[in-house]
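Peer 1: Here is how the chains run, residue by residue.
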Amino acid sequence: AQSVSQHNHHVILSEAASLELGCNYSYGGTVNLFWYVQYPGQHLQLLLKYFSGDPLVKGIKGFEAEFIKSKFSFNLRKPSVQWSDTAEYFCAVTSGGGADGLTFGKGTHLIIQP
Amino acid sequence: EAGVAQSPRYKIIEKRQSVAFWCNPISGHATLYWYQQILGQGPKLLIQFQNNGVVDDSQLPKDRFSAERLKGVDSTLKIQPAKLEDSAVYLCASSLEGGVGTDTQYFGPGTRLTVL
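Protein chains in written order, with this note's numbering: chain A, 1 to 114; chain B, 1001 to 1116.
To be clear, the hints were calculated from the coordinates, so they are not data collected in a lab. It should be emphasised that the depicted structure is a prediction, and the values quoted were computed from it without experimental measurement. Think of the CB as a built atom: it goes at the ideal place given N, C-alpha and C, for glycine as much as any other residue. Careful: at least some of the hints might be erroneous.
Said to hold, decoys possible - In silico contact screen, one side only, chain B against chain A (beta carbon under 7 Å); selected entries: (1) 1018; (2) 1041; (3) 1104.
Stated by the list, open to error - Below are the PhoX-like pairs computed for lysine-lysine, each with C-alpha atoms no more than 20 Å apart in a straight line: (4) B:1083 to B:1044; (5) B:1078 to A:49; (6) B:1011 to B:1078; (7) B:1044 to B:1062; (8) A:106 to B:1044; (9) B:1015 to B:1078.
Just chain A, same shape as in the assembly (with noise of 0.2 Å):
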């Protein structure tokens, strides 16, 4: 069985720096990785996602993250993050071939601070 593990359940940072999100995955086989948000008071939506191809891909509002497969990670990050940003943030996995629902972590509650 697949399973998704996010180090941090909670973190607070500063307008303007940097963030890096862990995600850790557990499954031997072909994966698709994906990162959901959630701001406040709205529903979940996609970030990004990786499927093939270029391990680093890039979503919307300027995150992006990095698919290192010897590691099972696919961390999140942004290089500088925005009040705007404040929300939880899920990583999610599927193997497809059929039955395709994503496995998600906890989250990770993120605070940004004007």
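Given chain A, put chain B in place with the hints provided.
Peer 2: Frame of chain A; chain B shown alone:
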């Protein structure tokens, strides 16, 4: 483009009562998912439909939970009877094709269930 619609948004019931949630996916989306999100955790898949057929219900507690997707469009999720531990947000998501692992899933606003 209209998003995934869910109703009701909030529901409070007593344990052992029944409850039903409704989901209308994005028009044309073949695949529909129901997730359960308990406070402090990430969403957990309950069931996946491809059109009106079940693809994966391995994590659905079938003694009390049931779901259907008639005509391959709307879906309902039912809990009968509810337990205290069913208190959670129930999320519906849809994707255009599904079944390949790379499709983006679009989520609805969720239904927050409180069981007293």
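Peer 1: Determine for every hint whether it applies to the structure shown.
Peer 2: To see whether the hints hold, each was checked on the structure:
1. 1018: violated, 25 Å
2. 1041: Residue 1041 (chain B) check passes; min Cβ-Cβ to chain A is 5 Å, inside 7 Å.
3. 1104: holds, 5 Å
4. B:1083 to B:1044: holds, 17 Å
5. B:1078 to A:49: Distance of about 32 Å is beyond 20 Å: violated.
6. B:1011 to B:1078: holds, 13 Å
7. B:1044 to B:1062: holds, 15 Å
8. A:106 to B:1044: holds, 10 Å
9. B:1015 to B:1078: Holds, at roughly 14 Å.
Of the hints listed earlier, those the structure fails to meet are numbers 1, 5, in rising order.
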